[in-house]
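My request is simple: use the sequences and hints to build the entire structure.
Numbering-wise (my numbering), the sequence shown opens with residue 1399 and increments by one.
Rather than coming from a laboratory, the hints here were simulated on the basis of the structure.
A virtual CB, placed ideally from N, CA and C, is assigned to each residue, including glycine.
Any given hint might turn out to be false.
[Stated by the list, open to error] With a straight-line Cα cutoff of 20 Å, these simulated EDC-like cross-link-like pairs (lysine to aspartate or glutamate) come out:
1. K1699 <-> E1815
2. K1557 <-> E1582
3. K1982 <-> D2075
4. K1699 <-> D1730
5. K1699 <-> E1582
[Unchecked claim] Quick list of simulated restraints, FRET-style, between CB atoms:
6. L2262 <-> T1542: 34 to 42 Å
7. A1986 <-> T1702: 47 to 55 Å
8. T1542 <-> R2156: 54 to 62 Å
9. M1442 <-> S1613: 43 to 51 Å
10. D1425 <-> L2117: 49 to 57 Å
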Amino acid sequence: MPPAPPLEVLVLGPLAVRLGGRAVAVDRPLERALLVRLALAGGMSVPDHRLAADLWGDVDLARPTERLRVLASRLRAAIDSPDSLTRVNGGYALAADLSDLTEARAAAERMHTAVRAGDRLAVRTAAQEALDLWRGPSLADLRTIPYAVAEGEQLDAWKLTLQVELLDAELSLGHAAEAARELEALATENPLHERLWCLLALALYRTGRQADALSRMARLRNRLSDELGVDPAPDTAAMELRLLRQDPTLLPTASESPAPESLAASSATRSTAAPAGAVADLPSPLTSFVGRQEELAWLTKRVTQPGVITLTGGPGSGKSRLSFEAVRAVTDRPVRLVELAPLQREAAVLEAIAGEDASGSDPIGAAAAALDGSVLVIDNAEHVVEQVADIVAALVRRAPGLTVLVTSQRPLQLETEEVRPMRPLDALAAAQLFTERCAIDAQGAEPEQVAAICTAVDRFPLGIELAAGLTRTLTVPQLAKRLTDRMRLLVSGGRDSQARHTSLVAALDWSHQLLGDSERAVLRRVAVFAGGFTLEAAEQVALDPRDVAPALTELADRSLLTVEAVNGRRFRLLETVRDYALSKLEDAGETETVRAAELEWGLGYVQAAGQNSDDFVNADAVNEVFTEWPNLLDVLDRAAGTDRAAGGLRLALALHTPWLIRGWFAEAARHFDALTDAQGATTSERLTALCNHGFVLTMRGQFDRAAELLSEAERLAPLQDDDTLTLTALYYRSIVEIERGRLLDAFTPLLTGQALARSSSEHERRLSAFTDALGTLYVYAGQSERALECYETCIVADREFGDEHGLSRGLSNLAGALVGLDRWDEAVKAAAESDHYARRLDDRQILPLNDVIRGLAAAARDDLDEAEKHLRSAVEYALADDSGVSHAYIDLADVLVRQGELSEAAALLDAVFAEAPAHSTSWLAARAVAAALALAQGDHSRAADLVTETSTAYTRTGFGWPRYAARLAEVRAALQLLQ
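Right, here's the structure in full:
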């Protein structure tokens, strides 16, 4: 057998994984964190308790061993190299190569050898080789994981050590000017690093800047005193004294003067020198340029060729800065900047572009002759875009060598124009920009807080810089907590900024003033949609629906909204633009009116989806509803406690079936709890809400409160002379009785409901639901044959109706009944067909049940490893959804008992007993496995007591679920053999 391909883990930057040289995607953060933690252990086993603490911190974590097993299982699947990750001595070990770290360590060792030998050229070469292996901050994408914070900081501290050695070598080789630029940046990032500041002072001194060198040393001394309460180290104090005395030994010796070849080598390995030939009329940059390196590289190359390029983007997206950075690199062509923002008259555009030639008989011709072969930068053209388009089109026709670079919120719409939209910065660049612009004491802020702040301003440069500026008065945690008030916070920028960029509000005011009345009305009204919107949704909240389509086109052209091609067209406002527009909605006094219109849209949307598919019988209708979930959720949350509460309740009732199909019981319970008593709701609506609320509470295990609500509904329903309400109350009441283990009591409402449903053909679907519930009751009561008959009847009806949810549930239930009859192949086949519908619906209640069926089938053929795999998959759904314990916990515990993994089995059962009410169905099932566990632990007395008590409970409640009754019988027989 050929050897397994090597697994490489790269940690000097965002995590990268390779298997045999091929990139491997490990997408989930915890899987990535586990991979790196084990890789850093160098093949040694890391025990479970240590891994749990490293991954989740010092918290009282429920079921850590189980969580780690699930995590390890997912990681094995992700890396496609299952043999690399092994279970060893109560922990995990990983066979992987930290290739970039290994290479960096080897280069660092060569560097230290060269330092000892005094070979500065070798020091520089080795240090640069090590540093080139970094792709960004170490473990940049894992800094929210407890252990990765310390590991990442250690690796970055080591990187800083390498940088210091490199720059020290550069100084020794006579490259003081080049080194000074990098030392200045590093010293700003590391304000208390004494060696770094000493090297900076030395570099400044060697370039003739003694005063600046002494100023830096004084700044270091003051910071050490103010922040740490210490004096500088002796070497630092000695350096300051030598600078004061102008010690001649501080200057480079003749042997340290840079040779031409060493300068060339320095240039080849480090690209920090500023481009030559700065353009005279471009504003000088006062800050570093961060991010957009790919865009800058493309644009720098593109402006060397004739043509028209337009950078488009919303206010504060960085269009102007990118254009200036690109043309600064132009050294062989004249560059001219035309700033249009101050212009108030359209007639002034030609004068601004043509300059002195504007008053001649042929201003375009004269300007074309003057500009041909040059680069013309036209900044901020959005308010005069038509005039600019006409002038530029005429210029490029008559000046074939002209390059025109335009920045505008909307394109010129020329045939030869290349349009480059400005996207948000990537997360890493956004965080870097914030860190560079924030106060010094904020530079060590928590990465997740910085990321949240950057996201809140859409990761656009202006918003990030304004937010960073606030750290002079607010801490980063304080700023992060106030993100919802971003419009009021981000109101002041730098004094050197142009007027429209002095605040985020000013930038948006500039764009807003350029809109017509109809565009402004549409903008403020569509801002109520929290999750984007369709044309039809926008028309429903508009003053005049006829204005919407042209207004959206205009807003998209001005980069105030984005257009997504997802099943048609979907529109989305940037969060900062949306906040601004909502403030305009409030100013116009239209908020309540538009919120009410949005609610009517949401209700109509859900009702139409249900009606079009006969109450959500197919997956497409359910998926259609959840494409609008962010908007629907926002509507529901805003309706409670307002005049819109009754409408909110109607929306919750319309969403009940989609919620059930997805298994979103907690979400449904939250909204019914808030809206059931809404003023203005009809008695029928309140009764239906009581029933629905009771059911979802049942599915959450809150049986007593559910029974209370359903009893009230059952009492009031007959008074309404509405059989549908009565059937709903009876059906949900039977479910709560089944789930809380009162099986004998459940027969009455089920049989009553069946009889009532048979009385009218209108209730044919309800009859199927009662028959399905009766089948479940028969399963729990140990009558699998009768259960099978019920389920088969329901499946026939569901196929006739085309009810995908009914088939998802019914086929899974059928599989469960077949398990009770030991018809394993048929059970697995039924579960597989159920999977087809459950996956289409994303039915996270049924999918794990089907995994349980496969696990039980594997256990029946004594393939316990396969059984464990399927049952862990089922448990993972509960862990991922935080939906509480399920029967999968019980069945997994049973398999673990058979495998001898008693500690984990006990933990799983403890979790069940902690959540399941006494004598509920789950509690009764778990007691049989608890008896098996006690027997396996050698506690025969405890096992015997459990057998006796559980047998009595089974008889009293009518519980006879075959697999648990059989397990209890096995334990009883084993105990009898021991007597």
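Structure-based check of all given hints:
{"no.": "1", "hint": "K1699 <-> E1815", "result": "16 Å, holds"}
{"no.": "2", "hint": "K1557 <-> E1582", "result": "17 Å, holds"}
{"no.": "3", "hint": "K1982 <-> D2075", "result": "33 Å, violated"}
{"no.": "4", "hint": "K1699 <-> D1730", "result": "13 Å, holds"}
{"no.": "5", "hint": "K1699 <-> E1582", "result": "29 Å, violated"}
{"no.": "6", "hint": "L2262 <-> T1542: 34 to 42 Å", "result": "37 Å, holds"}
{"no.": "7", "hint": "A1986 <-> T1702: 47 to 55 Å", "result": "49 Å, holds"}
{"no.": "8", "hint": "T1542 <-> R2156: 54 to 62 Å", "result": "58 Å, holds"}
{"no.": "9", "hint": "M1442 <-> S1613: 43 to 51 Å", "result": "50 Å, holds"}
{"no.": "10", "hint": "D1425 <-> L2117: 49 to 57 Å", "result": "55 Å, holds"}
Checked against the numbered hints listed earlier, the structure breaks hints 3, 5; every other hint is satisfied.
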